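Going line by line, the protein sequences match chains A and B. Using numbering that gives the first Met the number 0, the first residue of the first sequence is number 0, and each one after it goes up by one. Using numbering that gives the first Met the number 0, the first residue of the second sequence is number 0, and each one after it goes up by one.
Hint data in this document are derived by calculation from the structure and do not stem from the laboratory. It is possible that part of the hints are untrue.
In this list, chains with the same sequence are indistinguishable; a pair is considered to hold if it fits within one copy or across any two.
[As the list claims (entries may be wrong)] In silico SDA-like links for lysine to any residue, alpha-carbon gap of 20 Å or less:
| # | residue 1 | residue 2 |
| --- | --- | --- |
| 1 | K196 | P168 |
| 2 | K196 | D144 |
| 3 | K196 | L167 |
From a predicted model like this one, the values you see are computed outputs, not experimental measurements.
There are 2 protein chains.
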Amino acid sequence: MKVSVVERILSANDRLALENQTLLDAHGVLGVNLMASPGAGKTSLIEQTIDALQGCLCLGAVDGDIATSLDADRVAARGIPAVQINTGGSCHLDANMLKRALSDVPLDEIDLLLVENVGNLICPANFKLGTHFSAVIASIPEGDDKPYKYPPMYTGVDVLIINKIDLLPYLEFDLDYFSRGVEILNSGIVTFEVSCKTGEGIHAWADWLVEQVEAHTQASE
Amino acid sequence: MKVSVVERILSANDRLALENQTLLDAHGVLGVNLMASPGAGKTSLIEQTIDALQGCLCLGAVDGDIATSLDADRVAARGIPAVQINTGGSCHLDANMLKRALSDVPLDEIDLLLVENVGNLICPANFKLGTHFSAVIASIPEGDDKPYKYPPMYTGVDVLIINKIDLLPYLEFDLDYFSRGVEILNSGIVTFEVSCKTGEGIHAWADWLVEQVEAHTQASE
Chain A
0 MKVSVVERIL SANDRLALEN QTLLDAHGVL GVNLMASPGA GKTSLIEQTI
50 DALQGCLCLG AVDGDIATSL DADRVAARGI PAVQINTGGS CHLDANMLKR
100 ALSDVPLDEI DLLLVENVGN LICPANFKLG THFSAVIASI PEGDDKPYKY
150 PPMYTGVDVL IINKIDLLPY LEFDLDYFSR GVEILNSGIV TFEVSCKTGE
200 GIHAWADWLV EQVEAHTQAS E
Chain B
0 MKVSVVERIL SANDRLALEN QTLLDAHGVL GVNLMASPGA GKTSLIEQTI
50 DALQGCLCLG AVDGDIATSL DADRVAARGI PAVQINTGGS CHLDANMLKR
100 ALSDVPLDEI DLLLVENVGN LICPANFKLG THFSAVIASI PEGDDKPYKY
150 PPMYTGVDVL IINKIDLLPY LEFDLDYFSR GVEILNSGIV TFEVSCKTGE
200 GIHAWADWLV EQVEAHTQAS E
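Isolated chain A (complex conformation) (with noise of 0.2 Å):
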């Protein structure tokens, strides 16, 4: 009984993640689902995306929270459409309230919307938002067991963002060990190295954003 309920939320969620692709596609905007830990760096790393895009590409930003609107506050300050989810305690983002955010989202205006989900490894991976690409921000600081402890996550997003490379002279990470638990779950994942801090490593996932845009907007054409 309690499974065939829980087999039903995700469906009703999965026909909303749909939808929410569908109203992405039907404007030419690109979503990108950004999870991690508490403080990894979500808002930082769109904070970066934002300065590294300017003039190239327009994009708007959904900030999911448990509570405050700081992180929609300080995406706003860059000048870009930023909508703040307050979940009410909840410990992820689902479909449904990526679509109601949607609705405040101008989305004739943009061309690629980045979506901060609650900072959370474990539940965020459960539900599908209707994004095109999913990815996780690793942080240094972590630890370099963090694939191994959390495999789910690290299983089902499309791109890695291991964050905070300027503080690996401080700390004890090895990046093998790291590696080789990501590669037993996701082989051959689209990684990218960044500090968000120094601005290291930026360009790459930028420049990586806009070739993924570029081609979805030829294939919505």
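For this one, chain A is given, so just place chain B on it according to the hints.
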């Protein structure tokens, strides 16, 4: 209808939590629930605490994770009884999981049980386990806005441990801003600033644990 189901689950959990506390009391064991984001240093704090209390208190540990026994292996390598709970995907421990784990802990041989919750700043705050104290470990690299963004976790705990203070010189972390956020939610909370890497501050935390175990023993007699 939805609310009443949730209420029933929580009240069933509270009943089991009370049973756990009664069991711990019967064996003169003090229980502490350690909660934090992934990679904030829960296992490292347990390792440091074991070392600091060697010859002074007998410890046991229960380690919760969605996958692997990496944490319990690290703790057991220090020579104390350690039981791993794999939650099978669930993002928090609950009282029933701890109840089952307690049957594998030699309660007559220990004074202090450290329970490492699943790495998550959200849901573990909603589920009492039956421990006498709960603590949140904040990690400097997570950023100084976490009390504002994850208020239920900071509101509900008895102890705050600020870890990775050795990284303060390399990061922008406004300790005053962080502390003001904590003060709003949980005025006067017992706080320790530590580095599980250098050992700084660990003895103050260990001394506090000894005091609590002694007070608990006297209250039980």
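Against the structure, the hints come out as follows:
Taking identical chains as interchangeable, the C-alpha atoms of K196 and P168 lie at most 20 Å apart whether they share a chain (15 Å) or sit on different chains (14 Å). When the C-alpha separation of K196 and D144 is checked against a cutoff of 20 Å, the pair qualifies only between copies, where the shortest distance is 16 Å, while the shortest distance within a copy is 23 Å. Proximity of K196 to L167 under the C-alpha cut-off of 20 Å is found in both arrangements, the shortest distances being 13 Å within a copy and 15 Å between copies.
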